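Peer 1: For reference, the chains in residue letters:
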Amino acid sequence: MNVHAGDRTLRLDNVTCVFDGGYVAVKDASLTVNDGEFICIVGPTGCGKSTLLNVAAGLLEPSRGNVSVFGQELTGMNKRAGYMFQAESLMPWRTALDNVALGLEIRGVPVDKAREQSKFWLEKVGLAAHKHKYPHQLSGGMRKRASLAQMLILNPEIILMDEPFGALDVQTRQLMENELLRLWSEDRKIVLFITHDLEEAIALADRVIVMSAGPAARPIGNFSIDLPRPRDVAEVRLTPEFLKAHSAIWDVMREEVLKSYKQFEGASHDA
Amino acid sequence: MNVHAGDRTLRLDNVTCVFDGGYVAVKDASLTVNDGEFICIVGPTGCGKSTLLNVAAGLLEPSRGNVSVFGQELTGMNKRAGYMFQAESLMPWRTALDNVALGLEIRGVPVDKAREQSKFWLEKVGLAAHKHKYPHQLSGGMRKRASLAQMLILNPEIILMDEPFGALDVQTRQLMENELLRLWSEDRKIVLFITHDLEEAIALADRVIVMSAGPAARPIGNFSIDLPRPRDVAEVRLTPEFLKAHSAIWDVMREEVLKSYKQFEGASHDA
Amino acid sequence: MTRKPSLPFLRLCQIGLFFFLVLAWYVLTAFELAPSFFFGKPLVVADRLYQWFATGKIYIHLWTTLLETLLSFGIGTIAGLAVGMWLALDPFASALLDPYVKAANSMPRIILAPIFAIWFGLGIWSKVALAVTLVFFVVFFNVYHGVRDVSPVLVSNARMMGASSRQLLRYVYMPSATSWVFSSLHASVGMAFVGAVVGEYLGSARGVGFLILQAEGVFDINTVIAGMVLLTIFALILDTIVTIAERRFLAWRPSQGSQRA
Amino acid sequence: MTRKPSLPFLRLCQIGLFFFLVLAWYVLTAFELAPSFFFGKPLVVADRLYQWFATGKIYIHLWTTLLETLLSFGIGTIAGLAVGMWLALDPFASALLDPYVKAANSMPRIILAPIFAIWFGLGIWSKVALAVTLVFFVVFFNVYHGVRDVSPVLVSNARMMGASSRQLLRYVYMPSATSWVFSSLHASVGMAFVGAVVGEYLGSARGVGFLILQAEGVFDINTVIAGMVLLTIFALILDTIVTIAERRFLAWRPSQGSQRA
Amino acid sequence: QEKPKPEKSKVTLGVGGRSTLPYLPFSIAAQRGFFKDEGVEVEFFDVAGGTRALQAMIGGSVDVGAGGYQHTISLQPKGQYASCFVLITHNIGVALVMPKEKAAAVKSPRDLKGLSIGVTSVGSGSHQFVNHLLGTVGMSNADISAIGVGAGPVAVAAMTGGKVDALSMGEPVIATLGDSVSVVAESFTNKSAQELFGGHVPIICGYAPESFIKENPKTIQALTNAIVRALKWMSTASAAEIADSVPPEDLQGDRDLYIRAVQNTREMYSPDGYVKDGSPDRVLKMLSAFDDAVRDAKIDFSRTYTNKFVQGAHERAEKK
Ligand SMILES: Nc1ncnc2c1ncn2[C@@H]1O[C@H](COP(=O)(O)OP(=O)(O)OP(=O)(O)O)[C@@H](O)[C@H]1O
Ligand SMILES: Nc1ncnc2c1ncn2[C@@H]1O[C@H](COP(=O)(O)OP(=O)(O)OP(=O)(O)O)[C@@H](O)[C@H]1O
Ligand SMILES: [Mg+2]
Ligand SMILES: [Mg+2]
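Chains as they are written, first to last, in my numbering: chain A, 1 to 271; chain C, 1001 to 1271; chain V, 2001 to 2261; chain G, 3001 to 3261; chain X, 4001 to 4320.
Because the hints were derived from the structure by calculation, they are not lab data.
Just so you know, not all the hints are guaranteed correct.
Result set (SDA-like, lysine to any residue): computed pairs, CA atoms no more than 25 Å apart in a straight line [stated by the list, open to error]:
| # | chain 1 | residue 1 | chain 2 | residue 2 |
| --- | --- | --- | --- | --- |
| 1 | X | LYS4100 | V | ALA2205 |
| 2 | V | LYS2041 | X | GLY4178 |
| 3 | A | LYS119 | C | TYR1023 |
| 4 | V | LYS2057 | G | ALA3103 |
| 5 | X | LYS4285 | X | GLY4114 |
| 6 | C | LYS1124 | A | VAL24 |
Residues on chain C that point at chain A, a partial pick, calculated with CB under 10 Å [stated by the list, open to error]:
| # | residue |
| --- | --- |
| 7 | VAL1018 |
| 8 | GLN1137 |
| 9 | MET1142 |
| 10 | ARG1173 |
| 11 | GLY1214 |
Just so you know, these numbers come straight off a predicted model, no measurement behind them.
Here a beta-carbon is modelled for each residue, glycine too, at the ideal position from N, C-alpha and C.
Okay, chain A solo, but in the shape it has when bound (with noise of 0.2 Å):
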């Protein structure tokens, strides 16, 4: 798929980011997405796998190191990406429909058409039935959902994704796998993916980057993912080729979870 002759990729380049108080979350991280590439991003809680998506799109700025999309350094937002935040990121005051048409609006579709469109994304999202609620009135999966939605609907070139699927039960999670995995094979955008659950991880992505445990956290594990494609996420699981993937990137991580245990039974490292 990849015909452009212009270089079409995400990287990152030594990113380093210093928190005010001195906090150094992550440390000479580098990592290139390459076109069409599906990338999932795993790491311990609390490692520094939200700031480098920030970081990717353009909301902090790294304190060493930079980032470049498509060939250019990023200055200020990416405004080729979208961004499924971790936190709750939908409007309080707009209904869902009117928060998955915002962006529409935004970009200047007239409110008719941008609500029409919303409602199309709301029905793949499975909240057709509520969509004159407000987010206080939508359950924690709901509010998710929405938020997928809200970011789909704009078909950014670069899809950065923040556990997305963590509220979802089991089924409705592995419909909405199967819907983003249809999606990005139509036009293989670049898809950068945080996930706590590495059987997902695999299931989705090209290539699984494995994350240290912070403070200083880097990619310490990158794992090619041979899985053929077109994927249903609820049958590759049970192939011989993704348990080999899971123990091989599970031998990665072991020793983050060491790491991550010495800080529970430990002292704190605080001064």
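Using the hints provided, position chains C, V, G and X with the ligands relative to the given structure of chain A.
Peer 2: Only chains C, V, G and X with the ligands this time, still in chain A's reference frame:
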């Protein structure tokens, strides 16, 4: 352990919840949790699990039906219960340390002492190094763990948890799960635990309740899990009893999944 | 924390309280427990009000004051919104102008009245100017803080969707600051009336404040009170309109009634 | 939206703007483009200020006004906080008293001044009372709306931890409404000064407002302006204190500086 | 007989409290149609206090003003010139009252030492009156404390409530206080004016900016004609007749009180509108106590008033 003569159960009788706008989330739901029982509730997203927990907590008055706690009808708040919310519920103006100490402060414990205990609990959930951070400076999973500590520090007689571990990586999650089981086994509180992860439910619970898809959801399955205790949540998953329970529950859930599918594919049941 | 009271009972209490207060006023002044010289007499006040409307004499004054109030409410609100948004979103301008805004807010308006008279004449516009200086600051401070209180995640989300600064304003900052704005609007309804009346009081040829000034000159406390009652009624009407608008704009907010007490 | 400007550059701009304004004032009045009868002359104003301090004549007046201002700021804020919290949390009282609060807010304070003088005497307390009526409402409306704006989840959480109504206030409502309160405090610093000065202006024996009134009687606009400048300086000082407190209380808020522009 | 047509048929007049007694002749002239007879329509702008009226006039918001003659003097050091074209009152119209029992002890102004005295506002005519009293016995304003209490209910309350020891005030406050107080000194009557000041003092007048007078002499003449006519009418009318010639709402407070107040102040009004030669000096002397700028400046009295229009008014009236 049940040496009390009195009734030490939590009962929901024919609870129906109708929201403003006429949406019937839960209909005629009945549930009895015996003393010292660990109950997990699973069900499709948006079916009404959180609603039911709110009713048990006394935060939401059911439109019909009633709740009794240890033999007394519940009016107002359920004072014996601790609740870990699905939504963000940390006070944004308090550090992790002070958030966890809050409950003790409310009970009149001097601030110094409350902080000391809070430190102890933060260590248990692996946040010792982050105790001076405000919620917005914590990662998603860290916030969840802080919430957990915030609830557990008060040692409530009834524990209500709404997807507590959804945002954690597998390793951290297992640590937390084991910790929870250990605490629970010490004095056998009542636990009502919502999760979308059937494996987690089986690994933890004495009994798994399956909710039907909404609207008008109610418990439709009730499975005793006879795995021996104490359990290690990682190991127990590999036992044949576990797999048996899993497939039995899954059979019941399949029907609900099909309903979900219908919702996704079919038209909206909406005026 | 208590259960929502039933509406009829509430209305009953409101009416009861009203009559109780008027009765207390009546009794106190009738027996001169409170000197009627200062506090007037309710029946005379009512008569004054009746006469005003019966003779039609009041309309020109009332209309003048209402016009001034509405103009200053409108202008002050819009200016407060605009400047508040601007300074909240432009840290440089904010830091630069901050002391001037605060200095302006601490200026006793009464002393500015002569300057307004020069600039705007003694017609309605000098009153409007005076009232605007009251309304503006109340709205300004709330908009300014309201905009800064917006959740950063919502802003990030809208920006990722490609919102320009203007669109951020329209789609995020303004709706998010709505409850702040309405809070200030409730305060400024009163301020607009106060400004208009004080302006009239300081120099005018018509308006309710003018009537009050005339009556004060001849120790006619009943007319003064009648004027204040009239103003109050109209302030409540205007406030009701604000409340209705508020309900409409803030319909999305979780009602606290659905939570159990 | 723009990057945070560097501090030295900002200070430079501020000072530049200040000198520009003073210079414009100087030139306009020197050539009578703006009538110095109404706008005074900067050098004469400066001389007045200097004389006040050189002769020490100002201290008693300044102290009186500052005392009134601080008292009314304190009393008004505390009363506004208390009543705002109360009405926000007690829907019955709120519905019952709502019209009275709003009516009171729409009363022109200047007309109430005589009644305060009767009730509180001619000393500082009648001025304090007048200023309190200004400060109170600004704080009240913001506290009222701020409390109602609190996230229901946080309230539920605290209640599950066993918080009583009082504790909810202390641990949830008050901290959550803090940014609302501070917004109103910024507005009320100015109001407190205005109230105190207007009170003095309407009748007193000392205070900066008294000086201003005296000067107005002989058309000494320079002294009037000198008085206003003095007030403004102290208003800015008080506001700075509020800002420092605000920074301390709202330290937890995500700084917008950490987000990229 | 045809009248000279005024340059402006509509005139705006700034008054610091139209309904108060010192401005009574304006209300009478308006109410009895005297202005209309002269072919001018007068719109009253009521402002809070005499200084405000003058400021509004200088600022151009109103054409002419009514207020204290002293203001025309205060203005001169500021480079502004306004002249009084008709005099309304020639006695201060203020009385110093004290509660009966305390008043008995006051034999001379010397006995006021240390008292707190309520005045309408500091620097106003009522304050100047007190200062003049003190001056007659060689004391100064430092020997008492003056408190501004306004001229309304507060003044009454301050007195009855004992918040001030004495009150220097005009009508209707004195009439309101009635028998509860006795008068220690007054300046309503010609007799007291003679005793205290050695003659009349120009107090309230109609004034206009010099430039306005120069450009609109006929308009000023018309105004003066009407006001002089009102003054003359008042000097012969009974208090009750006067009360019936003011806007009816002015009586809503208490008609009897109003009549009593008018009765007390009859001699306050100038019968003819002339500023008597030499009388401005007395004002300047009083004013100097307050206003440093005036004390140091050279005041050109000829620019502070003109009797030309009053004279014209009398001539016209005689011709008729
Ligand atoms: N504004 C901030 N100030 C200080 N520290 C911060 C801030 N934001 C994040 N951090 C810290 O950076 C680290 C990484 O956070 P991040 O949110 O990227 O984790 P994560 O990998 O997304 O975790 P999770 O899986 O729990 O969401 C954490 O230790 C967190 O406390
Ligand atoms: N305040 C409300 N007004 C209207 N409908 C509501 C309200 N709160 C919840 N609902 C509806 O009730 C249903 C159940 O919601 P609930 O939050 O209990 O689901 P849940 O089982 O917890 O889902 P999840 O697993 O996604 O958290 C949903 O359809 C939701 O839209
Ligand atoms: Mg994260
Ligand atoms: Mg839920």
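Peer 1: Run every hint past the structure and note whether it holds.
Peer 2: Status of each hint after checking the structure:
1. A C-alpha spacing of about 41 Å is found between LYS4100 (chain X) and ALA2205 (chain V), which places the hinted pair above 25 Å, so the restraint is violated.
2. With a C-alpha separation of about 21 Å, the suggested pairing of LYS2041 (chain V) with GLY4178 (chain X) holds against the 25 Å cut-off.
3. The hinted pair formed by LYS119 (chain A) and TYR1023 (chain C) meets the criterion: a straight-line CA distance of about 20 Å does not exceed 25 Å.
4. Between LYS2057 (chain V) and ALA3103 (chain G) the CA atoms are separated by roughly 24 Å; this keeps the pair inside 25 Å, and the hint holds.
5. Note on LYS4285 (chain X) and GLY4114 (chain X): the hinted pairing holds, with a Cα-Cα distance of about 24 Å set against a maximum of 25 Å.
6. Taken as a hint, the LYS1124 (chain C) and VAL24 (chain A) pair is honoured in the structure, with Cα atoms around 23 Å apart against an allowance of 25 Å.
7. For the restraint placing VAL1018 (chain C) at the interface with chain A, the shortest Cβ-Cβ distance is roughly 13 Å, beyond the 10 Å limit, so the hint is violated.
8. Annotation: interface hint on GLN1137 (chain C) holds; nearest CB of chain A at approximately 7 Å, less than 10 Å.
9. Annotation: interface hint on MET1142 (chain C) holds; nearest CB of chain A at approximately 5 Å, less than 10 Å.
10. Residue-level restraint check for ARG1173 (chain C) holds (minimum Cβ-Cβ distance to chain A is 8 Å; threshold 10 Å).
11. Taking 10 Å as the C-beta contact cut-off toward chain A, the hint placing GLY1214 (chain C) at the interface holds, the least distance being around 9 Å.
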